[in-house]
Structures are given as structure tokens and as C-alpha cells.
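S.K.: From first to last, the protein sequence lines are chains A and B.
The first sequence runs 1 to 178 under my numbering.
The second sequence runs 1 to 463 under my numbering.
Because the hints were derived from the structure by calculation, they are not lab data.
Incorrect hints may appear among the rest.
Stated by the list, open to error - Lysine-lysine pairs mimicking DSSO-like chemistry, simulated, CA-CA at most 30 Å apart:
{"id": "1", "chain 1": "A", "residue 1": "LYS160", "chain 2": "A", "residue 2": "LYS55"}
{"id": "2", "chain 1": "A", "residue 1": "LYS172", "chain 2": "B", "residue 2": "LYS460"}
{"id": "3", "chain 1": "B", "residue 1": "LYS460", "chain 2": "A", "residue 2": "LYS52"}
{"id": "4", "chain 1": "A", "residue 1": "LYS172", "chain 2": "B", "residue 2": "LYS342"}
{"id": "5", "chain 1": "A", "residue 1": "LYS55", "chain 2": "B", "residue 2": "LYS460"}
Spelled out, the chains give:
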Amino acid sequence: MEKKGLYGLIAEFDTPTDVVNAVHKAYDAGYRKMDAYTPFPIEALNEALHLKRSKVPLIVLIGGIVGALGGYLLQYWASNIAYPMNIGGRPMHTWPMFIVITFECTILVASFSAVLGMLALNGLPQPYHPVFNSPRFELASRTNFFLCIESDDPEFDERKTREFLEQLSPGKVSDVEH
Amino acid sequence: MSDNTEINPDLDTTTRPAPVIMPGHTFKSVTDKIASIALGRRTPMGWIIGFGISFMVFMVMMYTLGYLVMTGVGIWGNNQPVGWAFDIINLVWWIGIGHAGTLISAILLLLRQDWRTSINRFAEAMTLFAVACAGLFPLFHTGRPWLAYWMFPVPNTMGMWPQFRSPLMWDVFAISTYASVSAVFWFIGLIPDFATLRDRAKKHSAKVIYGMLAMGWRGSARHWHNYETAYLILAGLATPLVISVHSVISFDFTVGIIPGWHATIFPPYFVAGAIYAGFAMVLMLAIPIRRWYGLEDFITMRHLKNMSKIMLASGLIVAYGYMMETFTAWYSGNQFEDYMIKNRFKGPYAFWYWTLIACNVIVPQLLWIKRFRNSIASLFTVSVVISIGMWLERFIIIPVSLHRDFLPGSWGMYSPTEWDWSMYIGTIGFFVMLLFLFVRFVPMISIFEMRTILPQAEVKEAQ
Chain A
1 MEKKGLYGLI
11 AEFDTPTDVV
21 NAVHKAYDAG
31 YRKMDAYTPF
41 PIEALNEALH
51 LKRSKVPLIV
61 LIGGIVGALG
71 GYLLQYWASN
81 IAYPMNIGGR
91 PMHTWPMFIV
101 ITFECTILVA
111 SFSAVLGMLA
121 LNGLPQPYHP
131 VFNSPRFELA
141 SRTNFFLCIE
151 SDDPEFDERK
161 TREFLEQLSP
171 GKVSDVEH
Chain B
1 MSDNTEINPD
11 LDTTTRPAPV
21 IMPGHTFKSV
31 TDKIASIALG
41 RRTPMGWIIG
51 FGISFMVFMV
61 MMYTLGYLVM
71 TGVGIWGNNQ
81 PVGWAFDIIN
91 LVWWIGIGHA
101 GTLISAILLL
111 LRQDWRTSIN
121 RFAEAMTLFA
131 VACAGLFPLF
141 HTGRPWLAYW
151 MFPVPNTMGM
161 WPQFRSPLMW
171 DVFAISTYAS
181 VSAVFWFIGL
191 IPDFATLRDR
201 AKKHSAKVIY
211 GMLAMGWRGS
221 ARHWHNYETA
231 YLILAGLATP
241 LVISVHSVIS
251 FDFTVGIIPG
261 WHATIFPPYF
271 VAGAIYAGFA
281 MVLMLAIPIR
291 RWYGLEDFIT
301 MRHLKNMSKI
311 MLASGLIVAY
321 GYMMETFTAW
331 YSGNQFEDYM
341 IKNRFKGPYA
351 FWYWTLIACN
361 VIVPQLLWIK
371 RFRNSIASLF
381 TVSVVISIGM
391 WLERFIIIPV
401 SLHRDFLPGS
411 WGMYSPTEWD
421 WSMYIGTIGF
431 FVMLLFLFVR
441 FVPMISIFEM
451 RTILPQAEVK
461 EAQ
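So here's chain A without its partners, still in its complex pose (with noise of 0.2 Å):
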């Protein structure tokens, strides 16, 4: 199961900029497996990296499909199917008063929703990625951005993609270990 050797080489930057205009180079030169990280978001990486649009919407909005009905038909099977109880002869179906439920779990099932939907979306949680045995990689999370091409991307060498990331960044790239 465990895998060997190189899983890419990763260049470091100092300022977003930097990075940006790497992935756009890294871009241009034909890598497509490649990811940036940085401690903070930066948009113009999603552009930069050709991103597709952000699944997570849909999910939300299949959850707030789901705990609308959802909260509705329990409120309507419990008040009318499991328990009825007549009060003065009120008709049974009262729907605006099952409105104010349906809205709080429409809210809390798509609120899940994008929650659970965005950690699964990016693998978390994860305890292991190769990426962290990279030195100098515990700056990701403060001040620093990098840039990792992978050693499964198609165009990837390991001596020309070396090559081609000192060129962005001299003196700043390294191997990253699985």
C-alpha cells in the first residue's frame, strides 16, 4: 500500500504574487497536476489553476431540498398520521404553523450539508499527506506559499520540472517524499 519514492517537487515564494504568477507560468509550461498552498485564500489561484466551480453549492442546495421536505413531512405524518389530535374541530392539515420547523431544518440540513460537503469534498480529514514532509512546509500555515508540481503529472521530470521551478524560485525547491 505504501508508496515509494518522489510524489513532486515543491517550490517556496514569499509573497502571493509570486505564487500566482508561478502557477500561471507552471500552467502555461503544461503541468496540470499541481497544487498551491497557502495560509491564506487567495482567488486568483482558482483562475490560475483553472479550477472548476466549487461543488459544495449543489450539495447545500440538495440539503436544503432534503430538510425542507424532510421537516415538513415529519411535522404533517406526525400530526396528522401518527398522533392526530382534533382541537375544536380545526382542520388537521395547519400548515403555516409547520412553516416556522420546515424553515429551521432547511437551514440546519443544508448548513450540514456545506460542512460535511466541503471536508469531503477536500479529503479531510486526513492524517497523513506527503506534502508535510517537505521541509520548511510548517510555513504554509503562517507566511508562506508554494507551489508543488506532482510526479504522476504527465509532463513531469524530475530534472527538467527542477529546472524549470528554480527558474521561478531559486534556491528554494525541494523533493517531497511520499
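Chain A is already provided as a structure; the job is to place chain B on it using the hints.
M.R.: Using the frame of chain A, we list chain B on its own:
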């Protein structure tokens, strides 16, 4: 996150007197300043003393709850005709305080108010802790809190289901949804900061604990992309939620026919009151925290002034609510409504009504004056006065409306017992204790969002 190019003009100190972050900070200085508070090896003496005192007050609450469970809700002062008193006053008061946290974290995010960045984390923490305090009151007011799960739609051998047509059930769903959504919203915001703490921690145990909480976050651009989308959507969902929660709480009263409760003004008036009380509490917390931890660079006068302006605006809506209550009572021509308002003005609890008006309507008008907005001491004092005023508002609405209802034969008086007070004061200890734990172990300002508002975070056009 919002567009950096829009944020940076605010950092120009020549055009604005108080920036959202003092100039001269770098990614490193922001990270170190905030993270070192949570990771510091030595716990400050002031923290130990403060935590110790709040822990003792929390024990008062635990003792009260123990005695309450052993004896019954009869130890409280509420009885016929005042069946709801401190338990519901404090529920509404605490929930209201919590609302400012969601307002700051969600609504101000959607409105791209970058000044929210340095206060949203602890305001959200405040929300969670306030909701925790709030929840205790109705839970123990049920008398048999071990059967509280009956309020949830759990299939059971008795074949019974909750009465979904009751506003009290709406409350259960609204508050539990609010608590859950606030908790996940807060936690999601913390993940990248937990990763920072994990990478910065020197002690192995801290590395492991923060590492588990960070769940392997590595700052990947692909992750940030989903993360930002999810965070924005959560803000969008939390916004109507927070409005709905206090509206639903007001339905607990408005759906009843008690004079003083049965009014259509209640939902907006309650929501404004919640924001009012909540911002007062945020100011009461932000002022000492920024001083004790030397965070004046991050929580600047601009934050305090902006919050005081929101407080003033929501206070005016609350004042309008009081005026409308009086007007509708008169305009309705209904003798019970008319009596209700006269009883507030001149009845046995009139002193408290006029204290409420002084606290919530008159004193906050000082905030119109720049000198008071610029003075930290006066902002703190006004916030304390508003917190007291908002508590009195709920006192006036709940027991004072109940003690004189339709039939003079069922009139009565209400006064709280020592157990009412010990429970209320105890929850304040619980709240403060949780805040002490929070500031010690969790970054109290969102580090990664602070990085985004630095001028260095701007991506310049590719050459």
C-alpha cells in the same frame, strides 16, 4: 473572501483616522501575536485569578441546579399567575446576546465589512457560550430535564409525538438549530488557524491536539476554493437563521393572548433588541480583552466606534418598539391592552419600567456625541447600562404582563427568590469561565482572515 483590492484603501491612514489594522504588520507578526496567546507556555496570573473567580461563580450555578433537580422548580419564585419569570427572561436575554456574534460573523461578512475580521472569532465564541447559558433555563424549567428528549421527534414506545403546532416546539427547533449551526460555523472558521497552531506548537501534546482539530488542513488552493464557498454559503444560511431565531422566541409570547404579549411588532422589535444587547456585550468583552492582551493594533478604535454606531441604530429601533407598544395599546381601544400599558407606567413595577426606558432609550443617546464614542470608558459604561436595560425589558414583558391579566381575581405579584438570582448569576460565571478557556486555548482572532486584510496579501497583476 472579499476582494482584496477593495479592502486595501481602508489601510491608507491618511484618509481614515482609525484603520482596521494598524500599519506595519506582516504575515509573521499577525500570526505570532495571536497564536502566541494560545500557545504561550506560561499562563498569566490575571488569567488564573479571573478563571478561578468565574469557576467559583459557575459552581454556584451547579449547586443551584443540583438543588433544583433534587427539590423541584418550586424553589423559584414563579407561581400562578406569573408562571414565566427569571427562567424565560434569562433565556431571552442570553439568546439575544448571542445574536451579535452571528450578525458580526455572517451579516457583516456578506456586506463585506472588513472590520468584522478581528472581532468575529470571539463574537462567535460569545454566541456559543451565550446559547449554552440560554438553553439551561428552559431545560431546567421543564422540571424534569431528564425527559427533555420528549421535545425531539424521537419514536417511542408511548406512540407520542411532539405538538408541532406549539410555538414552544418552534423554539426547541430554532434554538437547537441555532446552536448547531453556530458551532459548525465557528469550527469551520477555526480549521486553518488550528493548522497554524499545529505547525507552530513546540510541545508534542499541543501539536497532537491542534493537529487533530486541524484535520490535516494543508492550505491547498483546491481546499481553499471549496472552503471559501462553504463559508460564504454558511454565512448566507446563518443570516436568515439569526433573524428567525429571535422572531421565533417572540412567537412564544405573541401567539399567546396575554395583553403585552399579543403584538405584531414583536418579531422585528425582538431582533433589534437582540442585536442591541449583543453588541453591548461584544463591547464589554472587546474592551478588556484588547487591553489585557495588547491587541489594540487589531481591535482598533474603528471597531469600537462602528459597534457603538450599530448599537445606537438598533437602540433606536428598540425605542420605536416601545413607542409602538404604547401606541397600539391606546389605538386598539381594548380595555385590557389599555390597562396593560397604564400598569407599566404607574403600576407596582413602574419603577423598573422607567429604569428600562432610562437605560435603553435615554442613556444610549449619548452615543450621538463623538466625544462619548471616542472614549473607551464611556463606551464600556453605556454597554453595561444597555445590558441591564435589555434584561429589564424582558422583565417588563414577561412577569409584568403576567401579573395582571384579564380577571382581577387572578392577579398576583412576583418576586424572585435567592435561587432565581443564584441561577442567573451562576450562568454569568459559566459564560465568563468558558470565555476564559476560549481565550487561553483558541486563537481569539481569526489569524488567516487577518492575513487577508494586510496590504501584502494583494496579488498584483501578472507582469
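S.K.: LYS160(A) and LYS55(A) were given as a pair; does the straight-line alpha-carbon distance stay at or below 30 Å?
M.R.: violated (35 Å)
S.K.: Does LYS52(A) sit within 30 Å of LYS460(B), going by the straight-line distance between their CA atoms?
M.R.: Roughly 23 Å separates the two Cα atoms, so the pair holds.
S.K.: Is the hinted pair LYS172(A) and LYS460(B) satisfied, with a Cα-Cα distance of at most 30 Å?
M.R.: holds (22 Å)
S.K.: Checking one constraint from the list: CA of LYS55(A) to CA of LYS460(B), max 30 Å. Satisfied?
M.R.: Between LYS55(A) and LYS460(B) the Cα gap is close to 28 Å, so the pair holds against 30 Å.
S.K.: Between LYS172(A) and LYS342(B), is the straight-line Cα distance small enough, at 30 Å or below?
M.R.: violated (78 Å)
The earlier numbered hints that this structure contradicts are 1 and 4.
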